[in-house]
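Build out the structure end to end from the sequences listed, making use of the hints.
There are 2 protein chains.
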Amino acid sequence: MGLTAVERAAHYAARSPRFAKVTSKHLAYFQSVLDKPCSTSHRKGKMLTDAEAIRPFNVDWMHQVQGAAPAVLMPTCATQVSEILTYCQAEKLAVVPQGGNTGLVYGAGPVHDELVLSTRLMNAMPVVSKSTMSVEAESGVVLQQCQEACAKEGLLFPLTMGSKGSSMIGGNVSTNAGGIYFARYGSMHSNVLGIEVVTARGDVLNLMSTLRKDNAGYDLKHLFIGSEGTLGVVTRAAIKLYTQPASRQLALFHLTDFASVLELYHLANLYLAECLSAFEVMDGESMTTSPAEEVPYERTCKNDVFRSGKDFSAAYFCVLVETNGSSAEHDLDKLSCFAEAAQTKLGEKLNGGGQFEPILSQSAAQAEQLWALREGIPVHLASGGLIYKYDVAFPIDKFYGIVEHTRKILYGQQKMDPDEVIVVGYGHFGDGNVHLNVVDLTRSHGEQLDAALYPAVYEYCATHGGSISAEHGVGMQKRDYLHLSRSQETIQLMKDVKVMMDPNGILNPYKVLPLE
Amino acid sequence: MGLTAVERAAHYAARSPRFAKVTSKHLAYFQSVLDKPCSTSHRKGKMLTDAEAIRPFNVDWMHQVQGAAPAVLMPTCATQVSEILTYCQAEKLAVVPQGGNTGLVYGAGPVHDELVLSTRLMNAMPVVSKSTMSVEAESGVVLQQCQEACAKEGLLFPLTMGSKGSSMIGGNVSTNAGGIYFARYGSMHSNVLGIEVVTARGDVLNLMSTLRKDNAGYDLKHLFIGSEGTLGVVTRAAIKLYTQPASRQLALFHLTDFASVLELYHLANLYLAECLSAFEVMDGESMTTSPAEEVPYERTCKNDVFRSGKDFSAAYFCVLVETNGSSAEHDLDKLSCFAEAAQTKLGEKLNGGGQFEPILSQSAAQAEQLWALREGIPVHLASGGLIYKYDVAFPIDKFYGIVEHTRKILYGQQKMDPDEVIVVGYGHFGDGNVHLNVVDLTRSHGEQLDAALYPAVYEYCATHGGSISAEHGVGMQKRDYLHLSRSQETIQLMKDVKVMMDPNGILNPYKVLPLE
Numbered sequence: 001m002g003l004t005a006v007e008r009a010a011h012y013a014a015r016s017p018r019f020a021k022v023t024s025k026h027l028a029y030f031q032s033v034l035d036k037p038c039s040t041s042h043r044k045g046k047m048l049t050d051a052e053a054i055r056p057f058n059v060d061w062m063h064q065v066q067g068a069a070p071a072v073l074m075p076t077c078a079t080q081v082s083e084i085l086t087y088c089q090a091e092k093l094a095v096v097p098q099g100g101n102t103g104l105v106y107g108a109g110p111v112h113d114e115l116v117l118s119t120r121l122m123n124a125m126p127v128v129s130k131s132t133m134s135v136e137a138e139s140g141v142v143l144q145q146c147q148e149a150c151a152k153e154g155l156l157f158p159l160t161m162g163s164k165g166s167s168m169i170g171g172n173v174s175t176n177a178g179g180i181y182f183a184r185y186g187s188m189h190s191n192v193l194g195i196e197v198v199t200a201r202g203d204v205l206n207l208m209s210t211l212r213k214d215n216a217g218y219d220l221k222h223l224f225i226g227s228e229g230t231l232g233v234v235t236r237a238a239i240k241l242y243t244q245p246a247s248r249q250l251a252l253f254h255l256t257d258f259a260s261v262l263e264l265y266h267l268a269n270l271y272l273a274e275c276l277s278a279f280e281v282m283d284g285e286s287m288t289t290s291p292a293e294e295v296p297y298e299r300t301c302k303n304d305v306f307r308s309g310k311d312f313s314a315a316y317f318c319v320l321v322e323t324n325g326s327s328a329e330h331d332l333d334k335l336s337c338f339a340e341a342a343q344t345k346l347g348e349k350l351n352g353g354g355q356f357e358p359i360l361s362q363s364a365a366q367a368e369q370l371w372a373l374r375e376g377i378p379v380h381l382a383s384g385g386l387i388y389k390y391d392v393a394f395p396i397d398k399f400y401g402i403v404e405h406t407r408k409i410l411y412g413q414q415k416m417d418p419d420e421v422i423v424v425g426y427g428h429f430g431d432g433n434v435h436l437n438v439v440d441l442t443r444s445h446g447e448q449l450d451a452a453l454y455p456a457v458y459e460y461c462a463t464h465g466g467s468i469s470a471e472h473g474v475g476m477q478k479r480d481y482l483h484l485s486r487s488q489e490t491i492q493l494m495k496d497v498k499v500m501m502d503p504n505g506i507l508n509p510y511k512v513l514p515l516e
Numbered sequence: 001m002g003l004t005a006v007e008r009a010a011h012y013a014a015r016s017p018r019f020a021k022v023t024s025k026h027l028a029y030f031q032s033v034l035d036k037p038c039s040t041s042h043r044k045g046k047m048l049t050d051a052e053a054i055r056p057f058n059v060d061w062m063h064q065v066q067g068a069a070p071a072v073l074m075p076t077c078a079t080q081v082s083e084i085l086t087y088c089q090a091e092k093l094a095v096v097p098q099g100g101n102t103g104l105v106y107g108a109g110p111v112h113d114e115l116v117l118s119t120r121l122m123n124a125m126p127v128v129s130k131s132t133m134s135v136e137a138e139s140g141v142v143l144q145q146c147q148e149a150c151a152k153e154g155l156l157f158p159l160t161m162g163s164k165g166s167s168m169i170g171g172n173v174s175t176n177a178g179g180i181y182f183a184r185y186g187s188m189h190s191n192v193l194g195i196e197v198v199t200a201r202g203d204v205l206n207l208m209s210t211l212r213k214d215n216a217g218y219d220l221k222h223l224f225i226g227s228e229g230t231l232g233v234v235t236r237a238a239i240k241l242y243t244q245p246a247s248r249q250l251a252l253f254h255l256t257d258f259a260s261v262l263e264l265y266h267l268a269n270l271y272l273a274e275c276l277s278a279f280e281v282m283d284g285e286s287m288t289t290s291p292a293e294e295v296p297y298e299r300t301c302k303n304d305v306f307r308s309g310k311d312f313s314a315a316y317f318c319v320l321v322e323t324n325g326s327s328a329e330h331d332l333d334k335l336s337c338f339a340e341a342a343q344t345k346l347g348e349k350l351n352g353g354g355q356f357e358p359i360l361s362q363s364a365a366q367a368e369q370l371w372a373l374r375e376g377i378p379v380h381l382a383s384g385g386l387i388y389k390y391d392v393a394f395p396i397d398k399f400y401g402i403v404e405h406t407r408k409i410l411y412g413q414q415k416m417d418p419d420e421v422i423v424v425g426y427g428h429f430g431d432g433n434v435h436l437n438v439v440d441l442t443r444s445h446g447e448q449l450d451a452a453l454y455p456a457v458y459e460y461c462a463t464h465g466g467s468i469s470a471e472h473g474v475g476m477q478k479r480d481y482l483h484l485s486r487s488q489e490t491i492q493l494m495k496d497v498k499v500m501m502d503p504n505g506i507l508n509p510y511k512v513l514p515l516e
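Protein chains in written order, with the UniProt record's numbering: chain A, 1 to 516; chain B, 1 to 516.
Treat the hints as calculated values from the structure; they're not laboratory data.
These figures come from a predicted structure and were not determined experimentally.
Just to be clear, a hint being listed does not mean it is correct.
Below, in silico cross-link-like pairs of lysine-lysine (DSS-like), each with a Cα-Cα straight-line distance of 30 Å or less [stated by the list, open to error]: (1) B:Lys495 <-> B:Lys92; (2) B:Lys398 <-> A:Lys152; (3) B:Lys130 <-> A:Lys240.
Just the calculated beta-carbon pair ranges, DEER-fashion [what the hints assert, rightly or not]: (4) B:Lys398 <-> A:Gly154: 16 to 24 Å; (5) B:Met125 <-> A:Ala456: 35 to 43 Å; (6) B:Ala246 <-> A:Ala462: 36 to 44 Å; (7) B:Gly446 <-> A:Ser32: 56 to 64 Å; (8) B:Leu441 <-> A:Asp333: 47 to 55 Å; (9) B:Gln488 <-> A:Val6: 41 to 49 Å; (10) A:Lys130 <-> B:Gln369: 31 to 39 Å; (11) B:Ser131 <-> A:Ala462: 17 to 25 Å; (12) B:Ser131 <-> A:Ala364: 28 to 36 Å; (13) B:Ser166 <-> A:Ala364: 44 to 52 Å; (14) A:Glu489 <-> B:Thr4: 41 to 49 Å; (15) B:Arg43 <-> A:Gly446: 51 to 59 Å; (16) A:Ala462 <-> B:Leu3: 52 to 60 Å; (17) B:Thr49 <-> A:Glu489: 26 to 34 Å.
With the C-beta cut set under 7 Å, the calculated list includes, among others, these residues of chain A facing chain B [what the hints assert, rightly or not]: (18) Ser190; (19) Asp203; (20) Leu211; (21) Lys213; (22) Gly217; (23) His222; (24) Thr243; (25) Cys275; (26) Asp431; (27) Gly473; (28) Val474; (29) Ser485; (30) Thr490.
All C-beta atoms in this analysis are idealised placements derived from N, C-alpha and C, irrespective of residue type, glycine included.
Listed below in structure tokens is the structure:
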């Protein structure tokens, strides 16, 4: 968009007069809460009010929306969070919870002058239990640190994604983060065993548990998983772990058309079955935008078809298939049967018309390189120009339609130049989760793109059985499109839940649902 | 208990005066709703008022609690359910939703004169999609029929349990049914992709979806999964499917002590890992109560230790280990490495002091026999006398403590005769889910057992990190013990949710939570 980050905040929502302005009296109270060492953590909290120190908390990772929080509150435990939220509810002060601030839908930053409640100081070393195969972690623990603590005990943390070095457990739970292993190990709704959460009213709910089965009444933790910090602040979580795979194999295939990708996926389910851990699809264009030095093999995908602006459907697809298993011998055997079946079934379509050979990683280092290829895509695209990111989901046989549709809009209807504006699609195929990215290399077509893409992309989701948000959530960015994925009755019940939990609407306002 | 089924209903809860009595005017209205062919199902519903026809709907499977519903309403679609519930909310008529009526906590039957809303006529053939690997089924479809429809397409339905021949999809979803494959494939919260549900107010919520990832706002389906029909009536569900395993192997081990069971489980996670599909533990006593003709091998577990009433801790354990995988060769190879490692690690403890050899099923028929051994336990126990069933969960290293504790209470403190009252434990070890069963062979110790076991068993759960309900739910049976597994704040929020969803409390009253 042609707006500045500050203008964009105002564009999404006017500041609600229902919220009080933060005064020095309020700040003094917060300071007093945070100055007491917490009875459970034995640590003092912290408050930032210096403009320079606050700056990074006030703007999202994409530098799209900038708020003006007057202070950042950094409690160290649920008790402090509870005192803060109880007070804010009474004083009608708006608060936005923030973890690693890696969100992509403007869900974790202030829009106007909300206070930032940062979970960063709730970051004690995670406790891994081999006996219950679970980990208990505070919400400010960085995802990668949690993964590493589990790996040390021979156990696998079931979530990983590109932002693992910055994103935090509390945010992962609150946004129902998906990522690469979702198809194999499931969602946060599947893997979170328990949480400690402070509700918007300030009540501490101890829903911590490492029990696998526990049908004692309504399972309230699910209210907080994926509700993006609008109903409560998750302060701790217990998460299910899996046996660390002894064998991790990666293969890269090239396919000439989308039907072959679909066929390859069905063969993977049949031949790799229980050891299939990821099936990532990247179209040719998204591969060619990666810098050459990070590609561990001869550049293979041609992008002339896109640049020509003529044939939008004949794309090359790269498919990264990963297996996680307990026996390298068995997994390699399965992979070899799979590759053979694919060769038989797909023939020339499998290796890009005879130009490529399937690549099987020969070492852990090469496996890392292949993954870096996939995980590097969003970063490289963002560095190329003004980027529009859409995280949407479809039934898998309709996975790529949205990319083709967007090309038709931009190159066809809008007569844009494929050398100036790139449209790519990649994502987690097994989940039907496509990341549609539009990059304006010239950074000059903002207004035209805004008009052409919003709400066209989301409307396409609505009419093709898709969801406007696969894994990124709604935040502020998709709030006004929610009705395209959810019925009026469903949205009404969401609002009823919000009002019940947060009568003054102080927690993460302007996000997910409009203020009532 | 020494009460009749009708007395037991009154014992649990007095009839609330807030509910109206069903009159002929009400019945005429219901008849008119059910007489219209539904616009979606094109089928007419049905109403039963004949006392004989209604009898089986009025009493639970265990014949423990008997209500007096004046009518059974059998709608064929969500629209009819909606009209019924809207009317009942307006007229303050209490309603209990009922599926296969196989519940074990008195959650699915009338307590007093509630109307029964049976889902049995919502039973169109399930629709299986190979492309999205999911099935859509109406709530009245019997679990086994759903499993079979999926198997025909080469896909595995992720839930199975002893009651599969009678229990229904709507009840499975509403009670978050667990069963044997829970540890491998996860809970209903993991596997349900979407539902259609009629809320207690009568709103039809279309939350149907076969999308794997869908973070568009609060994920409201989780409110209805496991809330036992107190918030809404599930009328349809879409459920995730898995690749049908080409290989299914079963092995039976005998172990001399509980520590060895724990060790064997850790070895199973290490060696069988991704193909481990079940790890069921049965103590010696639960095996000896199975009739000999169904045991496919020489009777092996001795129960003298229990009968003697002296040493309650030295038990034999039988462990049934199942693998599901895509290659019989690989799975057998893994099983053989596993058995070898177990032999090395456990030595004499593995085969019951040298008396037994591990049994590996040689055919599908023998596999069925081994499973029948496990699944037959509850049926055989129930036929042996007056049975007390407790479905509880613990961290797995504390799995068997509750059984030993109960024996100490009954044989020690209460001086009961182990030849008259049997205490057994079996269950889904990987989930920490133990089924504690107490059988009074004489059917004469009801009052003494009542006094000795309630609330002692549940209090033991509370003080040992357990849950009063692993998979059976709360129903009416455990309602008054909920505070032993959930904090006051948590129960208060459950009540807030109930009041928000069902202002007059008409839906499945007296269950899960006390009437407010």
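Status of the hints after comparison with the structure:
Between B:Lys495 and B:Lys92, the direct Cα distance comes to roughly 19 Å. Compliance with the 30 Å bound is thereby established for this hinted pair. Under the criterion of a C-alpha separation no larger than 30 Å, the hint pairing B:Lys398 with A:Lys152 is consistent with the structure, at around 25 Å. Between B:Lys130 and A:Lys240 the CA atoms are separated by roughly 29 Å; this keeps the pair inside 30 Å, and the hint holds. The supplied range of 16 to 24 Å is met by B:Lys398 and A:Gly154, whose beta-carbon atoms lie about 22 Å from each other.
Restraint check, B:Met125 to A:Ala456: a C-beta distance of roughly 38 Å satisfies the suggested window 35 to 43 Å. Here the CB-CB span from B:Ala246 to A:Ala462 is close to 39 Å, well matched to the stated 36 to 44 Å. The beta-carbon spacing between B:Gly446 and A:Ser32, approximately 59 Å, falls within the hinted interval of 56 to 64 Å. At about 53 Å, the beta-carbon gap between B:Leu441 and A:Asp333 stays in the expected band of 47 to 55 Å.
Hint check: B:Gln488 to A:Val6, Cβ distance near 45 Å, so the stated range 41 to 49 Å holds. Remark: the range hint 31 to 39 Å for A:Lys130 to B:Gln369 is upheld by a beta-carbon distance near 34 Å. Restraint check, B:Ser131 to A:Ala462: a C-beta distance of roughly 20 Å satisfies the suggested window 17 to 25 Å. The hint said 28 to 36 Å for the Cβ distance between B:Ser131 and A:Ala364, and at roughly 35 Å that hint holds.
At about 51 Å, the CB distance of B:Ser166 to A:Ala364 agrees with the hint of 44 to 52 Å. Hint check: A:Glu489 to B:Thr4, Cβ distance near 43 Å, so the stated range 41 to 49 Å holds. In this structure, B:Arg43 and A:Gly446 meet the distance hint of 51 to 59 Å, their C-beta atoms being roughly 55 Å apart. Distance hint check for A:Ala462 and B:Leu3: the Cβ-Cβ separation is about 56 Å, which falls inside the suggested range of 52 to 60 Å.
Range check, B:Thr49 to A:Glu489: about 32 Å between beta-carbon atoms, so the 26 to 34 Å window is met. Contact between A:Ser190 and chain B, as hinted, is supported at the beta carbon level, the nearest pair being about 4 Å apart and thus within 7 Å. At its closest, the beta carbon of A:Asp203 sits 5 Å from a beta carbon of chain B; the interface hint therefore holds under the 7 Å criterion. With 7 Å as the threshold, the beta carbon of A:Leu211 comes within range of chain B, its nearest partner Cβ sitting at about 5 Å, so the hint holds.
Hint status for A:Lys213: holds, given a least beta-carbon distance of 4 Å to chain B, under 7 Å. With a cut of 7 Å, the hint placing A:Gly217 at the interface with chain B holds, because the nearest CB-to-CB distance is about 5 Å. For the restraint placing A:His222 at the interface with chain B, the shortest Cβ-Cβ distance is roughly 3 Å, inside the 7 Å limit, so the hint holds. Using the Cβ-Cβ criterion of 7 Å, the hint placing A:Thr243 at the interface with chain B is satisfied: the shortest such distance is roughly 5 Å.
At its closest, the beta carbon of A:Cys275 sits 6 Å from a beta carbon of chain B; the interface hint therefore holds under the 7 Å criterion. For A:Asp431, the interface hint holds, the least distance from its beta-carbon to any beta-carbon of chain B being 4 Å, beneath 7 Å. Nearest Cβ of chain B to the Cβ of A:Gly473: about 5 Å, under the 7 Å cut. The hint holds. Annotation: interface hint on A:Val474 holds; nearest CB of chain B at approximately 6 Å, less than 7 Å.
Hint status for A:Ser485: holds, given a least beta-carbon distance of 4 Å to chain B, under 7 Å. For A:Thr490, the interface hint holds, since its Cβ comes within 7 Å of a Cβ in chain B; the closest pair sits about 6 Å apart.
The structure agrees with every numbered hint stated previously.
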